[in-house]
Structure formats: C-alpha cells, structure tokens
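J.: Below, each chain spelled out in residue letters.
Protein chains: 2
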Amino acid sequence: MSWVSVTQPNGFLLCFVSVFMVVYLGNCVNGIPVVDLTHVQDSNTIFWPGNPQFNFTILYRGLTDGGYWYESNAIQTPEHGGTHVDAPSHFAKDKLRIDQIPMSKLCGPGVIINVKEKARANPDYRVQVSDLKVWEDKYGRIPDGAVVLMNSGWSDKYPNKTLTFGTESVNDPSTFHFPGWHEDAADWLVKNRNVNVVGVDTPSNDYGQSTTFDAHVILATANINGLENVANLDNIPEAGSTIYVAVINLQDGSGGPARVFATNLDNSVNAASFSTSFKWVLALCILLTLG
Amino acid sequence: MSWVSVTQPNGFLLCFVSVFMVVYLGNCVNGIPVVDLTHVQDSNTIFWPGNPQFNFTILYRGLTDGGYWYESNAIQTPEHGGTHVDAPSHFAKDKLRIDQIPMSKLCGPGVIINVKEKARANPDYRVQVSDLKVWEDKYGRIPDGAVVLMNSGWSDKYPNKTLTFGTESVNDPSTFHFPGWHEDAADWLVKNRNVNVVGVDTPSNDYGQSTTFDAHVILATANINGLENVANLDNIPEAGSTIYVAVINLQDGSGGPARVFATNLDNSVNAASFSTSFKWVLALCILLTLG
Chain R
90 MSWVSVTQPN
100 GFLLCFVSVF
110 MVVYLGNCVN
120 GIPVVDLTHV
130 QDSNTIFWPG
140 NPQFNFTILY
150 RGLTDGGYWY
160 ESNAIQTPEH
170 GGTHVDAPSH
180 FAKDKLRIDQ
190 IPMSKLCGPG
200 VIINVKEKAR
210 ANPDYRVQVS
220 DLKVWEDKYG
230 RIPDGAVVLM
240 NSGWSDKYPN
250 KTLTFGTESV
260 NDPSTFHFPG
270 WHEDAADWLV
280 KNRNVNVVGV
290 DTPSNDYGQS
300 TTFDAHVILA
310 TANINGLENV
320 ANLDNIPEAG
330 STIYVAVINL
340 QDGSGGPARV
350 FATNLDNSVN
360 AASFSTSFKW
370 VLALCILLTL
380 G
Chain Z
90 MSWVSVTQPN
100 GFLLCFVSVF
110 MVVYLGNCVN
120 GIPVVDLTHV
130 QDSNTIFWPG
140 NPQFNFTILY
150 RGLTDGGYWY
160 ESNAIQTPEH
170 GGTHVDAPSH
180 FAKDKLRIDQ
190 IPMSKLCGPG
200 VIINVKEKAR
210 ANPDYRVQVS
220 DLKVWEDKYG
230 RIPDGAVVLM
240 NSGWSDKYPN
250 KTLTFGTESV
260 NDPSTFHFPG
270 WHEDAADWLV
280 KNRNVNVVGV
290 DTPSNDYGQS
300 TTFDAHVILA
310 TANINGLENV
320 ANLDNIPEAG
330 STIYVAVINL
340 QDGSGGPARV
350 FATNLDNSVN
360 AASFSTSFKW
370 VLALCILLTL
380 G
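These protein sequence lines map, in sequence, to chains R and Z. First residue of the first sequence: 90, per our numbering; consecutive thereafter. First residue of the second sequence: 90, per our numbering; consecutive thereafter.
It is worth saying that the hints were derived from the structure and are not from the lab. There's no promise every hint is true.
Repeated chains share a single entry, so a pair holds when one copy, or any two copies, can fit it.
In silico lysine to any residue, SDA-like type, Cα no more than 20 Å apart, as pairs [stated by the list, open to error]:
id : residue 1 : residue 2
1  : K222      : E206
2  : K194      : D125
3  : K182      : L152
4  : K182      : G155
5  : K205      : P248
6  : K205      : N321
7  : K194      : G234
8  : K182      : T146
9  : K182      : D213
10 : K207      : L221
11 : K182      : G156
12 : K182      : G151
13 : K205      : D323
14 : K227      : E257
15 : K182      : R150
16 : K246      : D220
17 : K250      : L185
18 : K182      : A163
Just chain R, same shape as in the assembly (with noise of 0.2 Å):
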C-alpha cells in the first residue's frame, strides 16, 4: 500500500480523477455534437474544368397505387467535386483506389492550419512548413494518423464559382488564383509525420497557378489521402477534434464524394482544449472538496 500514503491530497486527488472521468466520459459516450463538414450536393456543386455536369434525375415523386407516398432519385456524377476524397491513385500509378483504402485511414485526430490572413493578402498563398512549426508549437506535435486540413478561409465563397477559382474564367485553370498546398509542407508532412489525410477548403490541394501539381504527386506516391472543398472548419478547434471523412466505397474509384464531419470536439489530448477542460474541471474539484 506504498502507492498513496497522504491522507489530504487523495481527497483532492480522487475528487479530481473522478469528476474528470465522468466528465470526460461523458463527453465520449455521446460521440455528439458532431459538425459536418461537408457543403451539399447538388447541380451547384463545384467540379474542375473538362468534368461532366452533375444530374439528379427524379424517378418517381407522389402516391402511389398502394396508397403511400414515394420519393426515389438517380444521380449521375464525377468524382472529384465539392466535398470529395482524392484516393492515392488520382495522381499515382498503382496505389490505392478508394475500395481499397481502410476506413481506418480515413479519420484521424484534427489539425486545422489557420492561414485565412496569408489567404486574404495572397490568394497563391500555398501552406508552408512554417505553418505547420506554428500550430506544433501551440498544439504540440501532429498526431499519428492526423486528417491535417488547411483553413483559407476559402468555403465561404462555395458554390460562388468566380469567388471560389477566383476569375472570371471559370473555365481556364491557367487563370486560377486560390490558396493550397506549397509542395515543401506536402514532402515534409511525408517525410516528418505518419498522417492519414491531407486537404484543403478549396477545390485543390494544389494552389490556383499550378500545373505540375506537385502536392498531388508527393501525396498521392506516399499513399496519403487527399481531401478538398472542406467546408465549416471555423465550426470545430484547430486542434483536438477527431474527424471522419467517410467517403463512399467506391469500387475502383479515385475518388468521391464524402460526407465529412468532426467529433469529440471537447476531447483534447492537445494543449489547447485540454487546459481548459482542466481549468473547469479544476475549479469544480477545489468547490467540491472545500464543500
């Protein structure tokens, strides 16, 4: 019985582990609020030039003979647009097809990259290293199996075409200017980190000017998962969320539509939401145990 000896600070201790736990616990069980992040389908919705249009067809829509009311519909649509999943063999030769990659691969701790004043100033701003060396030093080290996203500021201007490629000429990519991944903070989250998901709130993990689409490539050759149009991420903390990004299971798909959403919003194991679950908790136990 060595493990505790000091009578006064077990009942603080206890106190403290306890209301922690329930809280805590509490907090998991529910698994809810969740925040969707994820803009709706629909014939809006923003795909890359060339793509064929989106159709939603009504195949039936009123009563029916047996007295009961019948709503069935029939879509035709690309891949890549709106909320979407990019799958490794998007941009490289034999890796994995949307069928193929685990579920398991396809959620992960959050990690917002806030750059919406760099975006505003610059919309070629591409995420650098820097960035990243910034929310470590916040939130501490990027997660294993982190879903990393960078947050532009960008889904307010979805499904606004012009707003969103950012010209007039929607449909000539040599004109676009929006923000995404600069190909240094691609190779070194590859290089550096073990992550499940890298993706952007704009229609590109590359930015508006490329046309090598580097980030695509370094990526897709690790076999990393990419995500655009993500919208909402003002909605959940830069850091501590867990989120899904359950795309359809596809059979030989590089890609598709996915409906993206976050969890555990108060569950933190980053410095961030963590002190101030700590902070409340804290004040509780020293009421508590002063009662």
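Assemble the complex: chain R is given as a structure, and chain Z must be docked to it using the hints.
T.: Relative to chain R, chain Z alone:
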C-alpha cells in the same frame, strides 16, 4: 476535507479510477479501431427492381502530357442501392430529405438485434417487439439517439441477388423472401423510444413479402431514418459501439449511398462490454495496489 478520510481504500480507489481513466481515455482519443459496415459500390450493387443500372465510367486513366499519372471517373447511381440511407421523404410526404437531416441524427449508440437463428429458420421473419425486449433485458434501455439494426445474417449473401432476395425471380418482388422489421416493432420504437436510425442487413426495412411497406411508412412518418444492406454486423458488439451513417449530402435526396462504420467498440455504457472493461481494470488495479 470530509469527502474522503480513510487512506487504505483510497490508494486502491485512486489507482482504480486513474487506470480506468487512462484506459478509457486511450480508447476515446484514438477513436479507432473502426469497423466498416459498408458493402462496396460497383456494378454488382443490389438495387430494387425497376431502378436504372449503376454505371462507372473511366474519364481518364494514364500518364498525362504533364508527366504525372492521372485517374478520374464518373458514376451513375440510383439513390437506393447497396449500403444506403432511406430519408424520411422516401416514404412520407413533406418529411425530411437527405440534405435536411443533420449529421447528429445520422449517428448514435449501436443497438444490434440478433435474429440470425430465427431468420435462418424462416426467411420471412420480422423483428418483433419481443426481440427488442430481449436486447433491453440484456443491455438496458435502448439509448436515446440509437442506431437500431437487425442482424439477420443476411449480409453474407450479398451481392448474390438470388440469395439476397431469396428467389430465382430477382425482378419480381412478389417472390422475395428475406427478413425485415415487423410494423409492430417499428411502431413500438417510434412510440416508446427516441432513436435516430432503424436499419437492416437485407435490401429493405420491410420483409420481402411486404406489399404495403408498413415499417417504411411508420418510420418515415416519424422522421426516422432508414438504413439498408448493412455489412459486417457480426464484427461489432450488440451493444456499446457508436455507429455513424455517413450518407452523401445530397440536395433533395430521398436517400443515398452511405459509408457506415462503428467506433468506440470498447466504450460501452451498457452492461456487456462495460463489465469486460471493468473486470480487466479491476484485475490490473489489484495487481498494482498489491505490488
């Protein structure tokens, strides 16, 4: 400082609570392993007769002039095929369409109703209220927000149409034989519990011989989401998981393909898996405290 006063039990209790917290916390933060409950979407995907075909079109696959590999495809698919959601609007006028269902209503505690033996003996079996009571006797009250799924063992037959529909005449629903929900059980869930999703590992929430689709109508009228052709239910516990039903965010959709998966496989609030964790932690604490 009256809250705790005896030293010896404290040492054990503190140890227990701490270890439990660490174990619990470890499970939560990783949020992984994940069990995928989704069939692959391809040309073998099972749709109800009368639907247009699923189609996968290769738009590009090969080296580009830019020197990088590129793959891109497009799909055509009815909403209701493979592992997919039925929005309430599918069977009830003016009820929620896909894009109107918040993500928080597409997830919840997994409640798996095992009727495999009954369905093996009778392919027309319908889940009864008594089957729900058996689950509740074992694991406690069906939690608020639950995702309640019938496990009839049917997903092993997928995507074989003859076996799945239980007939050689796979285009004639009057010959279909597969299990589903009895209207009384659907009605009981609507009136007595507060669930988010009701689903099956067969092609329809109503059994194969249904002509009036009563379970569909009852659930849709109550704005409860349906889920069909779920896979791998044998790979998750009957209680204690969290299930996400991540359907594509389809504007005006009456349904849509979904990526369905379970997490928190050891984080149970229910008797069964909780007691397993409890025993494991208890044993470890006895060891630590005596050591």
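J.: Hint by hint, note whether the structure agrees.
T.: Here is what the structure says about each hint:
Proximity of K222 and E206 under a CA criterion of 20 Å is satisfied intra-copy only: 17 Å inside one chain copy versus 56 Å between copies. For a Cα distance limit of 20 Å, the shortest separation of K194 from D125 qualifies both inside one copy, at 19 Å, and across copies, at 11 Å. In the homo-oligomer, the alpha carbons of K182 and L152 lie at most 20 Å apart only across protomers (9 Å), although the nearest pairing inside one protomer, at 49 Å, exceeds that limit. Taking identical chains as interchangeable, the C-alpha atoms of K182 and G155 lie at most 20 Å apart only when they sit on different chains, with a minimum of 14 Å there against 51 Å within one chain.
In the homo-oligomer, the alpha carbons of K205 and P248 lie at most 20 Å apart inside one protomer (18 Å), although the nearest pairing across protomers, at 47 Å, exceeds that limit. With identical chains, the CA atoms of K205 and N321 are at most 20 Å apart within one copy only, with a shortest distance of 13 Å there and 42 Å across copies. In this assembly of identical chains, K194 and G234 lie within 20 Å of each other by CA distance solely inside one copy; the values are 7 Å within and 26 Å between copies. Taking identical chains as interchangeable, the C-alpha atoms of K182 and T146 lie at most 20 Å apart only when they sit on different chains, with a minimum of 18 Å there against 34 Å within one chain.
Taking CA atoms no more than 20 Å apart as the test, K182 paired with D213 passes in neither setting, with 28 Å inside one copy and 47 Å between copies. Taking CA atoms no more than 20 Å apart as the test, K207 paired with L221 passes inside one copy only; the shortest distance there is 14 Å, against 56 Å between copies. Proximity of K182 to G156 under the C-alpha cut-off of 20 Å is restricted to the inter-copy arrangement: shortest distance 12 Å between copies versus 53 Å within a copy. Taking CA atoms no more than 20 Å apart as the test, K182 paired with G151 passes between copies only; the shortest distance there is 8 Å, against 47 Å inside one copy.
Taking the closest pair of Cα atoms, K205 and D323 come within 20 Å of each other only inside a single copy of the chain (10 Å); across copies the shortest separation is 45 Å, beyond that limit. Taking identical chains as interchangeable, the C-alpha atoms of K227 and E257 are never at most 20 Å apart, the minima being 38 Å within one chain and 63 Å between chains. Taking the shortest Cα distances, K182 and R150 sit within 20 Å of each other only across copies (9 Å), while inside one copy they are farther apart (43 Å). In this homomeric assembly, K246 and D220 never come within 20 Å of each other (Cα to Cα): the closest approach is 23 Å inside a single copy and 50 Å across copies.
Taking identical chains as interchangeable, the C-alpha atoms of K250 and L185 are never at most 20 Å apart, the minima being 30 Å within one chain and 28 Å between chains. In this homomeric assembly, K182 and A163 come within 20 Å of each other (Cα to Cα) only across copies, at 19 Å, whereas the closest approach inside a single copy is 31 Å.
In the structure shown, a violation is registered for the earlier hints numbered 9, 14, 16 and 17, in ascending order.
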